[in-house]
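A.B. asks: Sequence:
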Amino acid sequence: MSVFEAQDAVALSIDEVFALSRRVLTGAGLSVPHAEAVARAITAGERDECASHGLYRLPGCVMTIRSGKMSLDAEPVITDASAALVRADARYAYSLLAFERAAPLLAQKAKEVGVAALVINNCFHFSALWPEIEHLTGMGVAALAMTPSHSWVAPAGGKRGLLGTNPIAFGWPRPGPHPYVFDFATSAIARGDMALHDIAGKPIPEGWGVDAEGRPTTNARAALDGAMLTFGGHKGSALSTMIELMAGPLIGDLTSRESMAFDDGAKAAPMHGELILAFDPDLMGGGDPEANAARAEALFAAFADQGARLPSQRRYEARARSLANGVRTPKVLYDQIMALGF
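The letter at position 303 of the sequence shown is residue 303 when you use our numbering, and the numbering goes up by one with no holes.
List of simulated lysine to aspartate or glutamate pairs, DMTMM-like, C-alpha gap at most 25 angstroms:
| # | residue 1 | residue 2 |
| --- | --- | --- |
| 1 | Lys331 | Glu16 |
| 2 | Lys235 | Glu206 |
| 3 | Lys331 | Glu317 |
| 4 | Lys235 | Glu258 |
| 5 | Lys111 | Asp80 |
| 6 | Lys111 | Asp288 |
| 7 | Lys159 | Asp198 |
| 8 | Lys267 | Glu36 |
| 9 | Lys267 | Asp198 |
| 10 | Lys69 | Asp263 |
| 11 | Lys111 | Asp282 |
| 12 | Lys111 | Glu297 |
| 13 | Lys69 | Glu258 |
| 14 | Lys69 | Asp89 |
| 15 | Lys267 | Asp335 |
| 16 | Lys159 | Glu206 |
| 17 | Lys159 | Asp225 |
| 18 | Lys267 | Glu75 |
Hint data in this document are derived by calculation from the structure and do not stem from the laboratory.
Only a predicted model underlies this, so the values are computations on that prediction, with no experimental measurement involved.
Work out the full structure, taking the sequences as your base and the hints as a guide.
C.D. replies: Below you can see the structure in the form of structure tokens.
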């Protein structure tokens with residue numbers, strides 16, 4: 001449940017969420033193609049009750065647009081780099097339009113050779129990865145995505161920010177309307193969720209962050225001003241470091257520390273790269289794709305047999321509610337968005 005659940009809320013339809021997002025983004029100066037790509041991601045977050053990636057992101061998007069760091073209208077350059085590699089240069093604009101333009105070629109290559117990679121360079125990134133993963137599973141491929149961020153997170157045993165929140169997401173196409181998808185930050189919590197605790201004045205659990213002196217804290221503001229922590233101690237730290245390397249030096253782009261240096265106090269969204277891998281289950285699985293798909297479904301069914309919940313099940317249930325009834329966003333956030341003046 002949202003940390004704002006007890007506050008007054010404003011009711012909006014899903015179409016109204018998209019229209020509001022588009023109006024704010026274009027009013028701030030973003031070109032229509034970029035504004036609509038960003039609005040689709042924000043609407044998906046709001047629709048699926050992922051508050052930290054929904055309308056909450058709009059004021060930050062406007063701050064990034066106004067930072068002078070990013071291009072507001074750059075057309076991404078898509079390059080067919082090899083039989084298994086697509087490159088998308090976002091040209092210092094948001095990542096989402098570059099992804100949307102390059103995704104069909106990525107899926108095509110995966111189906112031709114079994115596995116393919118999409119490298120997005122020079123992109124500003126703020127959004128969850130699961131909408132991209134669902135986009136690809138809808139094309140019939142399994143997919144894995146990862147990206148660094150800003151150096152907000154201390155490594156295991158450290159006290160200062162070095163790593164990013166560094167999300168990783170995976171999806172597997174399934175029969176029916178919904179794929180199997182997970183998407184999580186390698187930090188103990190997404191930074192947006194910690195910021196929501198700060199706004200609501202709620203304490204955070206121990207293990208989420210340390211203060212500016214490196215001391216454990218349950219104060220969200222102190223952790224935001226200090227350093228976040230990885231989940232799982234050294235295991236999360238190692239996984240986060242892998243993402244730094246795979247979606248940084250491996251693809252010729254910035255680490256989280258370099259992204260923070262590029263920002264230089266502007267408080268814009270992180271600017272770096274993103275790596276997306278796509279896999280064709282039919283080609284990689286050999287001669288009997290139906291049997292392999294049945295194996296996967298048997299695994300998923302075994303979760304339900306013992307009462308366990310698959311990742312994203314909560315989101316899909318929220319999606320059904322939102323599509324039927326609309327959403328409710330905190331009035332304090334709605335008023336903040338309306339005060340932007342667009």
